[in-house]
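Turn these sequences into a full structure, and let the hints steer you where they fit.
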Amino acid sequence: GLAPMISDKTVTIKIVDVNDNAPEIEVTSFSSVIPEDSKSGTTVALISVSDLDSGVNGKVSCSVPEDMPFKLLSSPHNNVYSLVTSSTLDREMTAHYDITLSAKDEGNPPLSSLKTVTVHVSDVNDNSPEFIGSPYTFYVMENNAHGTSLFSLFAFDRDSDENALISYQIWKDNLKENKYASFINVNSENGAIYALKTFDFETIKTFQFHV
Numbered sequence: 001g002l003a004p005m006i007s008d009k010t011v012t013i014k015i016v017d018v019n020d021n022a023p024e025i026e027v028t029s030f031s032s033v034i035p036e037d038s039k040s041g042t043t044v045a046l047i048s049v050s051d052l053d054s055g056v057n058g059k060v061s062c063s064v065p066e067d068m069p070f071k072l073l074s075s076p077h078n079n080v081y082s083l084v085t086s087s088t089l090d091r092e093m094t095a096h097y098d099i100t101l102s103a104k105d106e107g108n109p110p111l112s113s114l115k116t117v118t119v120h121v122s123d124v125n126d127n128s129p130e131f132i133g134s135p136y137t138f139y140v141m142e143n144n145a146h147g148t149s150l151f152s153l154f155a156f157d158r159d160s161d162e163n164a165l166i167s168y169q170i171w172k173d174n175l176k177e178n179k180y181a182s183f184i185n186v187n188s189e190n191g192a193i194y195a196l197k198t199f200d201f202e203t204i205k206t207f208q209f210h211v
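Here the sequence shown is numbered in the UniProt record's numbering, starting from 1 and rising by one per residue.
If you are wondering where the hints come from, they were derived from the structure by calculation, not from laboratory data.
All values reported here derive from a predicted model rather than from experimental measurement.
Don't take every hint at face value.
[Claimed, not checked] The list that follows gives simulated cross-link-like pairs (lysine to any residue, SDA-like), each with its CA atoms no further than 20 Å apart: (1) Lys-71 x Ile-34; (2) Lys-205 x Ala-145; (3) Lys-71 x Val-117; (4) Lys-115 x Ile-99; (5) Lys-205 x Met-141.
Here it is as structure tokens:
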């Protein structure tokens, strides 16, 4: 009209959240190497998950595969977990684990994220050396020359690095030298048995010793 009238009204627009953000996984305090004799419950890493959405769209749970010796423990703080060992480890069976962390929200449809952490299992000296083919029997011609190589032993150790190094020696019973130690000796590094003197069949026909 010639004298227009004006009215105003406040309009409130509410934005409804949709599930358009996938969860995020953050790994902190991560121990990438743990000894194989670690007790069950040893903490490997701290993990936090978050989601920018709200309500159920932002509610997140985290999990790890059930076929690995690890599990997640939730903390009193929301969306914070501890990754811990759930059983004993054996480096000789499995030297490392690629652990897939999975975070999933409760939206419809749900969104999820994956993150992989690699844990290496370090060796401890938990295996004794093993001889191949023990017990051994070998034959020596009499009148042999001093220093003649008679036989070679071979042992291995399932451990690694310095824990797998092997030294050979003639075994002593009750700290007393084996009575045949003067007949033979063993190379401490390669297990070669060699004669220290000449053998005489008429004097000695057979003997045993331990290495």
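Evaluation of the provided hints:
no.: 1; hint: Lys-71 x Ile-34; in the structure: 15 Å, holds
no.: 2; hint: Lys-205 x Ala-145; in the structure: 17 Å, holds
no.: 3; hint: Lys-71 x Val-117; in the structure: 13 Å, holds
no.: 4; hint: Lys-115 x Ile-99; in the structure: 8 Å, holds
no.: 5; hint: Lys-205 x Met-141; in the structure: 11 Å, holds
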